[in-house]
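K.L.:
Sequences are here, hints too, so could you generate the full structure?
Number of protein chains: 2
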Amino acid sequence: MRYHKIPDEAVRRLPLYLRGLLFSSQDLPEKISSRKLADFLGVNPWQVRKDFSYFGEFGTPGVGYNVEKLIKQIKKILKLNVSHKAALVGVGNLGAALLTYPEFKIYGFDIAAVFDNNPKKIGKKMANVVVEDVSNIGLLKKRDVKIGIITVPKSVAQETADALFNAGVRSILNFSPCSIKAPKKIKVVNIDIAMDLVRLPYYMTS
Amino acid sequence: MRYHKIPDEAVRRLPLYLRGLLFSSQDLPEKISSRKLADFLGVNPWQVRKDFSYFGEFGTPGVGYNVEKLIKQIKKILKLNVSHKAALVGVGNLGAALLTYPEFKIYGFDIAAVFDNNPKKIGKKMANVVVEDVSNIGLLKKRDVKIGIITVPKSVAQETADALFNAGVRSILNFSPCSIKAPKKIKVVNIDIAMDLVRLPYYMTS
DNA sequence: CTATGTGAATTTATTCACAGCA
DNA sequence: TGCTGTGAATAAATTCACATAG
Numbered sequence: 001m002r003y004h005k006i007p008d009e010a011v012r013r014l015p016l017y018l019r020g021l022l023f024s025s026q027d028l029p030e031k032i033s034s035r036k037l038a039d040f041l042g043v044n045p046w047q048v049r050k051d052f053s054y055f056g057e058f059g060t061p062g063v064g065y066n067v068e069k070l071i072k073q074i075k076k077i078l079k080l081n082v083s084h085k086a087a088l089v090g091v092g093n094l095g096a097a098l099l100t101y102p103e104f105k106i107y108g109f110d111i112a113a114v115f116d117n118n119p120k121k122i123g124k125k126m127a128n129v130v131v132e133d134v135s136n137i138g139l140l141k142k143r144d145v146k147i148g149i150i151t152v153p154k155s156v157a158q159e160t161a162d163a164l165f166n167a168g169v170r171s172i173l174n175f176s177p178c179s180i181k182a183p184k185k186i187k188v189v190n191i192d193i194a195m196d197l198v199r200l201p202y203y204m205t206s
Numbered sequence: 207m208r209y210h211k212i213p214d215e216a217v218r219r220l221p222l223y224l225r226g227l228l229f230s231s232q233d234l235p236e237k238i239s240s241r242k243l244a245d246f247l248g249v250n251p252w253q254v255r256k257d258f259s260y261f262g263e264f265g266t267p268g269v270g271y272n273v274e275k276l277i278k279q280i281k282k283i284l285k286l287n288v289s290h291k292a293a294l295v296g297v298g299n300l301g302a303a304l305l306t307y308p309e310f311k312i313y314g315f316d317i318a319a320v321f322d323n324n325p326k327k328i329g330k331k332m333a334n335v336v337v338e339d340v341s342n343i344g345l346l347k348k349r350d351v352k353i354g355i356i357t358v359p360k361s362v363a364q365e366t367a368d369a370l371f372n373a374g375v376r377s378i379l380n381f382s383p384c385s386i387k388a389p390k391k392i393k394v395v396n397i398d399i400a401m402d403l404v405r406l407p408y409y410m411t412s
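Each protein sequence line maps, in turn, to chains U and Z.
One point on numbering: in the working numbering, the residue at position 189 of the first sequence is 189, and numbering is uninterrupted.
Count along the second sequence starting at 1, add 206, and that's the number in the working numbering.
Just so you know, these hints were derived from the structure itself, not from any lab.
The model shown is predicted, which means the values in this text are computed figures rather than measured ones.
Among the hints, a few may not be true.
[Unchecked claim] Here are the simulated DSSO-like cross-link-like pairs (lysine-lysine), alpha carbons at most 27 Å apart as the crow flies: (1) K181(U) <-> K237(Z); (2) K154(U) <-> K278(Z); (3) K285(Z) <-> K154(U); (4) K282(Z) <-> K154(U); (5) K360(Z) <-> K69(U); (6) K327(Z) <-> K291(Z); (7) K105(U) <-> K360(Z); (8) K281(Z) <-> K154(U); (9) K242(Z) <-> K185(U); (10) K393(Z) <-> K36(U); (11) K36(U) <-> K360(Z); (12) K31(U) <-> K360(Z); (13) K31(U) <-> K387(Z); (14) K50(U) <-> K387(Z); (15) K154(U) <-> K311(Z); (16) K360(Z) <-> K121(U); (17) K360(Z) <-> K79(U); (18) K36(U) <-> K391(Z); (19) K291(Z) <-> K154(U); (20) K256(Z) <-> K184(U); (21) K242(Z) <-> K181(U); (22) K125(U) <-> K327(Z).
[As the list claims (entries may be wrong)] Covered stretches of chain Z (chain U as the covering partner; in silico rule of three or more C-beta atoms under 8 Å from a C-beta of chain U): (23) 281-287; (24) 381-389; (25) 395-406.
Beta carbons are placed, not taken as given, at the ideal position from N, Cα and C, and that holds for glycine.
P.N.:
See below:
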C-alpha cells in the first residue's frame, strides 16, 4: 500500500461492507472474493478492492478474502473494536423508536443516557434507561459519552448540540431538519428522512 | 443555460435548498443572494449558483433570487407541485414513528396505506389509517400509490419490495439494513441509520 | 489459472474567475 | 457596484487493465 488520501466515499462504504459480511457469514464459506462480496452488495468488484486497498492489503491473490479476518480489520479501522456510549436527546416518536433500534448494539453502540425537556417524561424509564432533564446534559462530562444523537424539534436543535459539545461530546448524529453549526473538530452526520423521501418523485418518469 | 447532464449530487442538494428557503422565509426578505442562502445552509455560494444553473436561470444579476419564486421552481423540478401518496410496510417502532413524522406532509406526502403481517395490528387504526394485511399489497394497483416505505425486518425486505413493485410502486425508501434488488426503472433510496452512526468513531481522534 | 492490489485513464463533481446584466 | 450564470481549471472518485502473488 502506497500513501493515499482516503476518499470520504470509501469511508462511507466501509460500514456497508461490514454489514454485508456480518449478515452473509452464516451461508458463506470461510473465504470470499471481491466479486462475490460486490454482487451481494450491489457494487463493483474493483470498487471493493480499491476501497480495501486504501487501508491495507487484506486479501490473498488467487484466493480472496478471509471473511472473519476481514470483519476484524474493518471493525478496527472503524474503531468498532471497542464499544461506544451514546446520549440521545429528545424522546419523541422518532427518539423512542431509536432507543429500541436493535442494529445499534450489533455494532457495539449503547445508548447510555437519554434526555428530554418534558417533565412528564423525565424520571420515566425507557428501554432500561431513566430519562433525565436536558439541563443535566453537562453531567455527561463525567460519563465517557462521546456520541450524541439529536432527535429534538429544530427550534432547539442548535442549543442541544451546543450543550452536547460543552459536555465533551465529539460527534453528532442529527435527525433535526436543520444544519448544525459545530466546531471543526466535531463530526456531524445529518439524517433528514424527509430529504430522502422528497427526491423520489424527481426520479419517477411520469 | 446550455445542455448539461445534471449531477446526482445537485439533485441531492436541491431538497436541502428548498428546506432552507421554507424554514427561513419568515425572517428573510423577499430576495436572497446566493451568498446568504449558502451561509444559512453551510455551503458555498458558487455551489448554490451552479446547482441552480443546471435547471435554469432563476436569479437576477445584481439582485439575487426571489424567494417565493425560487421555492416554486425547486418544487416544480422535484415534482412537489403535486401531492404524492405513499404506502408504508411494517408498523414496528420505526414504522410507527414515521407514520406521525410531521415533515412528510410539509412537502406534500401522504401515507395513504399501511401494511403489516401481525394479526394483532391488522385492522387497527394508526395515525388515521387502518393497517392492512401485507397480502393485500397488490390492491395498491388501483389506488395510485407510487411510493413505498419499507420498515420491515431484513428477512422479508426483498419480498416486500417485490410485492410493492408488482403493485405498481415506482420508488422505494428502504429502512431495512440490506440492499434491495430492483428493476432499473425503479428508484431505491436506502437509509440505514446504523450505517451513519457506525462511521462516527472513525472521525473521532482519540 | 484465479483473484488481488494499484498505477493510469476516465469520468464526475467542485471551485474558480470573470463576462455581462441590473 | 453587486450578484448571477457559466466556461475553464482543478480536484475527487470511479473504472480500467494488468503486473504480480498464490
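K.L.:
Against each hint, give a clear statement of whether it holds in the structure.
P.N.:
Verification of the supplied hints:
1. K181(U) <-> K237(Z): holds, 24 Å
2. K154(U) <-> K278(Z): Satisfied, since the Cα-Cα distance of roughly 23 Å is no more than 27 Å.
3. K285(Z) <-> K154(U): holds, 25 Å
4. K282(Z) <-> K154(U): Distance ~26 Å between K282(Z) and K154(U) Cα, so the pair holds.
5. K360(Z) <-> K69(U): The hint holds at about 25 Å.
6. K327(Z) <-> K291(Z): Between K327(Z) and K291(Z) the Cα gap is close to 21 Å, so the pair holds against 27 Å.
7. K105(U) <-> K360(Z): Distance of about 16 Å is within 27 Å: holds.
8. K281(Z) <-> K154(U): With Cα atoms ~22 Å apart, K281(Z) and K154(U) stay inside 27 Å; holds.
9. K242(Z) <-> K185(U): Holds, because 24 Å separates the two Cα atoms, which is no more than 27 Å.
10. K393(Z) <-> K36(U): Holds, at about 24 Å.
11. K36(U) <-> K360(Z): Distance ~20 Å between K36(U) and K360(Z) Cα, so the pair holds.
12. K31(U) <-> K360(Z): Judged against 27 Å, a Cα distance of about 24 Å means the pair holds.
13. K31(U) <-> K387(Z): holds, 24 Å
14. K50(U) <-> K387(Z): OK: K50(U) and K387(Z) at ~23 Å, within 27 Å.
15. K154(U) <-> K311(Z): Measuring from Cα to Cα gives roughly 16 Å; hence the hint holds.
16. K360(Z) <-> K121(U): violated, 32 Å
17. K360(Z) <-> K79(U): Roughly 25 Å between the alpha carbons, so the hint for K360(Z) and K79(U) holds.
18. K36(U) <-> K391(Z): holds, 24 Å
19. K291(Z) <-> K154(U): holds, 25 Å
20. K256(Z) <-> K184(U): holds, 25 Å
21. K242(Z) <-> K181(U): This hinted pair holds, its Cα atoms lying about 15 Å apart.
22. K125(U) <-> K327(Z): holds, 25 Å
23. 281-287: holds (count 4)
24. 381-389: With 4 residues close enough to chain U, the hint holds.
25. 395-406: holds (count 11)
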